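Chemist: Read top to bottom, the protein sequences are chains A and B. Going by this note's numbering, the final residue of the first sequence carries number 268, and the count climbs one at a time with no gaps. Going by this note's numbering, the final residue of the second sequence carries number 284, and the count climbs one at a time with no gaps.
Each computed EDC-like pair below joins lysine to aspartate or glutamate, with the alpha-carbon atoms no more than 16 angstroms apart: (1) A/K27 - A/D86; (2) A/K109 - B/E163; (3) A/K128 - B/E177; (4) A/K109 - B/D166; (5) A/K152 - A/E136.
A partial selection of chain A residues facing chain B, derived with a Cβ cut-off under 7 angstroms: (6) N72; (7) D97; (8) R100; (9) R101; (10) L105; (11) K109; (12) S111; (13) G124.
Hints listed in this document are in silico derivations from the structure and should not be mistaken for laboratory results. Since we're looking at a predicted model, the values are computed, not measured. Where is the CB? At the ideal position from N, CA and C, for every residue including glycine.
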Amino acid sequence: MNIQKKIDVGLTIQQSAIKADQAHSLKLSGLSLELGGTPILRDISFALPVHGMNILIGPSGAGKSTLLRCLNLLHQSWQGDLHIMDKDVRTWPDGADALRRAVGLIAQKPSLFPCSIAQNVVFGLGRKARKQVSDEHIEQVLRQAALWGEVKDRLHDKALTLSVGQQQRLCIARALALAPKMLLLDEPTASLDPRSKQCIEASLLELAATMPVLCVTHDIEQAKRLGGQIIFMCDGHLIESGDSVDFFARPERIESREFLRWSVCDCS
Amino acid sequence: MLNLWMRASAWICLAVVILLLGFLVQQSWPYWQQYGFSTLFSGDWYPYEKLFGLTAAIIGSFWAALIALSIAIPTGLAAAVMSTEILSGSWRSLSRTGMELLAGIPSVVYGLLGLWVLLPLLQSSLGLLTGHNLLAAGLLLSVMVLPTIMVMAQDALSEISSEQRDAAASLGMGWSERLWRVLLPQAWPGIRSGILLALGRALGETMAVMLVVGSMDRIPEPFYNLLAPAQTLTSRIGREIGESAFGSMHFAALMACGLLLATVTITISLLAHLRADNTSVART
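The following block holds chain A by itself, in its conformation from the complex (with noise of 0.2 angstroms):
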């Protein structure tokens, strides 16, 4: 199946999917981050749906990667509610580790271990899990990853040396080794060529299918390639939220407008 068909599949499942749920994936209510002194996030509330492509979109300096960073616990000095499958994540059953292995945590730029492509896949798990993964397995996530043609030749070759944007695909392989519940993804395709982030668009429109996906970015046109819900952000807080073909088309607020418009915004 070529990309562009994939990117057309994904589409289709992931927006019946979101109309078909009503649960909530994340729910989070009022939260709030100061960081030094400096208010960073202010008051967000959103909901996400139990699977589907939901798009987290605005300037630089929005707070966006500071908010994934606050779902996957990697910053935890935040004040509000955050419930994720249901469940308060301050009081998650083992802890904040076993909340990170439950939400996948992608950063923008690809972070390898200095080991091999198949030991990058499984380093993640538990050291028996370690022992007893199956070739099907990794061969498996590498395939959700898009990227099991490429390396199923040089599985033991080191992680290092693949092109960036097939370490950002392994870094995805490695969090959905994981079996994660939802995934987060702060810009992945930043600084990408065209190819390798139309690889990973599909990879993560297919992926929506299945899971709830949570994707930064301030790429317009990329945020309407992956449609879904739209959350836009500007100046720590939340401005709108909607179906992504009812905020390019008409942008409720005067922000996401200029936003859209310059593709710059002074909430100031």
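Using the hints, position chain B against chain A.
Modeler: Positioned in the frame of chain A, the structure of chain B alone reads:
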């Protein structure tokens, strides 16, 4: 001009090392000619009877360095991990400054502290006739080499990017798992260089060791008896060089000790640099 001066400085350093080794070979040559390498396996050192066995001093140096490293490696690593991973900015720089100050204290001061504090403590707590022994030398050396290991391990840990730390944390790896599977393996080349440099210093330290080791020219009985007064290569040279006549066989034997020591420490330093270079090439 600056480039020329820098090149000249590098060549001068290399020339000094070669000259030093050449001098040691030349001065110890009569000893090697007369006794050969068989003395490496003889424990008898009686200059007045023309017996110049090196084994006792080699064993002494080995034990002192081993004790020092077996204490300093875990302590230095723990201090480095504590400093880089747990302490906040100001406490981190305070601990770093403390270690750098510790490294700057003259070795004779350590020796005097050993004489006045460590030896009476060992003597009373272990019920010994004298506190002068290999254990005292090893303990004192461990304090002296601790800053080398700690500072180099700290530098190696600090070089690991925050992206790697975040990647490990976002995979749900706990603190100890991150430490053992991500931080220490990636910092290992720097830590290894620190250990090799510390080993070089432990083997080459003279003054402090000479004051506490007991200077007994015989192999401890049994050879692993760390509570026996002993001798190291450096303390033997330091103690006897003033008593030997220039050009005598005693003098040549002490020069042979020096040559042995210089060869081992230069090899260790080269090894440390070589491994560090290989690692940086592998990383790129």
